[in-house]
Amino acid sequence: MAGLSYSQIQGELNSAQLSALPPFNIAIVRNVVVEPIEPYLRYLAYRAGFNARCDFNEYDNVFQEAVGGQKGILNDRTDCVLVFLKLENVSWALARGFASLGEDQIDSEKDRVRNLISSVVAGIRKQTAGLLLWNSFELPLQPALGIVDYQQGMGQMACVGELNAFLRDTLRAQRSAYLLDMNVCRARIGASHFYDQRYWHMGKAPYSREALEEISNETFKYIRPLLGKNRKCLVLDCDNVLWGGTVGEDGLPGIKLGRTYPGSAYYELQQEILNLYHRGVVLALCSKNNEQDVWEVFDAHPDMLLRKEHIATAQINWRDKVSNLKQIAADLSLGLDSFVFVDDSPFEAEQVRQYLPQVQVVHLPEAQAVEYRDMLAAGGWFDTLTLSAEDRQRGAMYRAEASRQELQMQSHDLASYYASLSMVLEIGLADDFSIPRIAQLTQKTNQFNLTTRRYSDAQIQALSEDRSVDVIHVQLKDRFGASGLAGVCILKYEEDRAHIDSFLLSCRVLGRGVEDAFLVQCMKRARLRGCTIAIGEYLPTAKNDQVRDFYPQRAFHPVAQDHSVHRFELDLTTFEGSEPAFFSRIDSQITSIQ
Amino acid sequence: MEEKVLNVVSQVLGIPVDTITDDSSPESIEAWDSLKHMNLVLALEEEFGIRFSDERIVAMLSVRSIKDAVAELVPQAT
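Protein chains in written order, with numbering that gives the first Met the number 0: chain R, 0 to 593; chain A, 0 to 77.
If you are wondering where the hints come from, they were derived from the structure by calculation, not from laboratory data.
Yeah, the Cβ is synthetic: ideal placement off N, Cα and C, and Gly gets one too.
Please note that a few of the clues may not be correct.
[What the hints assert, rightly or not] In silico lysine-lysine, DSS-like type, Cα no more than 27 Å apart, as pairs:
| id | chain 1 | residue 1 | chain 2 | residue 2 |
| --- | --- | --- | --- | --- |
| 1 | R | Lys231 | R | Lys220 |
| 2 | R | Lys85 | A | Lys66 |
| 3 | R | Lys542 | R | Lys220 |
| 4 | R | Lys255 | R | Lys203 |
| 5 | R | Lys203 | A | Lys35 |
| 6 | R | Lys231 | R | Lys325 |
[Stated by the list, open to error] What follows is a list of derived Cβ distance ranges for each label pair:
| id | chain 1 | residue 1 | chain 2 | residue 2 | range |
| --- | --- | --- | --- | --- | --- |
| 7 | A | Leu34 | R | Gly529 | 51 to 57 Å |
| 8 | R | Phe165 | A | Leu72 | 42 to 48 Å |
| 9 | A | Leu72 | R | Arg258 | 32 to 38 Å |
| 10 | A | Asp67 | R | Trp91 | 26 to 32 Å |
[Said to hold, decoys possible] Pulled from the structure, derived: some chain A residues nowhere near chain R, Cβ distances all over 12 Å:
| id | residue |
| --- | --- |
| 11 | Met0 |
| 12 | Asp21 |
| 13 | Ser24 |
| 14 | Ile28 |
| 15 | His36 |
| 16 | Glu46 |
| 17 | Ala70 |
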């Protein structure tokens, strides 16, 4: 893991300053022994900036733990639940004795397993809204009926497959609950490396160290987006990454790119990069070249899959890559900690690692071009918990932003620029459709975020159902297109006070008065709910300094302060806010009684 | 080889290297329970590229016996 062995990882954890990091509580509900996974989970949490704690339920009392009653390991401080339910310990008959079962017995065993699954899922959700990751049943490697099993409708393979499908459907009906594919984990490292039969027999611990490492990696692909730690931008070197050779020396006909060897390695890598683009990853180029040489390849090479339209921004020059990466970050308004940087040069890779440690550097080793596609695909840095239409449109949104910036350069003053955009705001309360996008925005937004509180889908749903809370969102459209979900405000009401638990805006919509219009609307809402005072908080972080004076600049008065929380109050009875005039239209669903 | 074994024991059990003796065992080290023993076995196997039999695993209950077990499987124990 990260080039470290199992014992080195434990050594690093021993010497790390973990208590300085925010906690992350993982509850592991299991019917087999999986304790050796703990160092891997804690290490990945540490790399993501968290101090994880792992609690394991008493061995094999899964049902009791889930359904609760007694205070076990699941509570409202649980951030994540991992479930390891091995079929052998749920139904020995289905897992190991399948060939001896008649059809009726198979059906009744399946019913029993399905009932157990339903109870456990529901029970866990009653006790915690934390992220729920359930490891699927493993398909039999040696199916019970032999080769006939695969051909038959009701062989063992099909039976386990059906139970997994039931699991997936049951989890999908809950918020923030996912089925983790054990079979793909097993396939990746090889089934012969997945099990440890010694420990299965000696200690009911079925999985090998390599298996637990792979499962941990897969698990954190789900946890990182919840913590806002998934990456968003892929910055690419060009020579010997997007094509073989250097375009400056070899010229357009000389570089290697095509459907046959050796260019096929680079073609397949480009296809993988294009897939990421369509998943909402922002692409940028960072190359030491003459600009026109690079763009000529994009425009004129017949086998280029990547086109100029896929590239949000590029720094193609002879400056050092550290400066170029900083410029790209500024141009995209994205933090460097959301970057993955790919380069074939060990010098460039090491320099960026040293000076920009927050960037994930992927060095593509020389003479291994045929492996590049797998290296990129296996990274798992860009996974998100939801893939919305908005994510898929992200590339187009960046092009629209470039159009806005061109327009701004042509406008004479800001007010006329804003008016020329024909901006429309839509403000409403959270609903089924917007809940996942709201949760995602709370996880991702670091800069224009007053309190940086992160919420899962399940938590936003719970808040939106709470009558003493309003979860409000705003969307922005202008003549260039929709910016998608632009901001979130969570108001918690207590008698005549409205606490602004969260107020955050996507950096895509800053600098256009959206924050002012949105705040005014939310304050009107608070007044409508009978509040006389609104209380805003600013919790300083390394990234949100730009909103330090947000409340004071908008008629809030500072009250009690301490280092970590700055509080402000607004008198709603005398508040006379008005939205900026340059908005074409504001459709608000929150300022009339619902 | 012996130094590597001590390093692994130190890292997995979370104790300083200089507190480990050949006689150290689950009886003398509080952190060394059966679950930690499993972590220890897995770490040693990865470190040396070896694989213990299940019989050997249950017998490896002191630092001395661990060193012997590793030495048996590593081609050139140094």
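The hints, checked one at a time:
1. Between R/Lys231 and R/Lys220 the CA atoms are separated by roughly 13 Å; this keeps the pair inside 27 Å, and the hint holds.
2. For the proposed pair R/Lys85 and A/Lys66, the alpha carbon gap of about 35 Å is over 27 Å, so the pair is violated.
3. Proximity of R/Lys542 to R/Lys220 is assessed by CA-CA distance (about 23 Å); at most 27 Å being required, the pair is judged to hold.
4. With a CA separation close to 52 Å, the supplied pair R/Lys255 and R/Lys203 exceeds the 27 Å bound.
5. Distance restraint check for R/Lys203 and A/Lys35: the Cα-Cα separation of roughly 15 Å lies within the 27 Å cut-off, and the hinted pair is therefore satisfied.
6. Of the pairs offered as hints, the one joining R/Lys231 and R/Lys325 holds, with about 15 Å between alpha carbons and a cut-off of 27 Å not exceeded.
7. Here the CB-CB span from A/Leu34 to R/Gly529 is close to 56 Å, well matched to the stated 51 to 57 Å.
8. Under the hint 42 to 48 Å, the C-beta atoms of R/Phe165 and A/Leu72, about 45 Å apart, fit the expected range.
9. Against the hinted window of 32 to 38 Å, the Cβ-Cβ separation of A/Leu72 and R/Arg258 comes to about 48 Å, which falls outside the hint.
10. About 38 Å separates the C-beta atoms of A/Asp67 and R/Trp91, a value inconsistent with the hinted range of 26 to 32 Å.
11. The claim that A/Met0 lies off the interface holds: its Cβ sits roughly 15 Å from the closest Cβ of chain R, which is beyond the 12 Å cut-off.
12. Non-interface status of A/Asp21 relative to chain R is upheld: no Cβ of that chain comes within 12 Å, the nearest being about 19 Å off.
13. For A/Ser24, the non-interface assignment is confirmed: its Cβ lies about 18 Å from the closest Cβ of chain R, beyond the 12 Å cut-off.
14. At the 12 Å boundary, the C-beta of A/Ile28 stays outside the reach of chain R, the nearest C-beta of that chain being 15 Å off.
15. The beta carbon of A/His36 sits about 9 Å from the closest Cβ of chain R, which is not more than 12 Å, so the claim that it is off the interface is violated.
16. Annotated as non-interface, A/Glu46 brings its C-beta within 12 Å of a C-beta of chain R; the closest such distance is 6 Å.
17. Distance check on A/Ala70: its Cβ is at least 18 Å (rounded) from any Cβ of chain R, clearing the 12 Å threshold; non-interface status holds.
The structure shown violates the earlier hints numbered 2, 4, 9, 10, 15 and 16.
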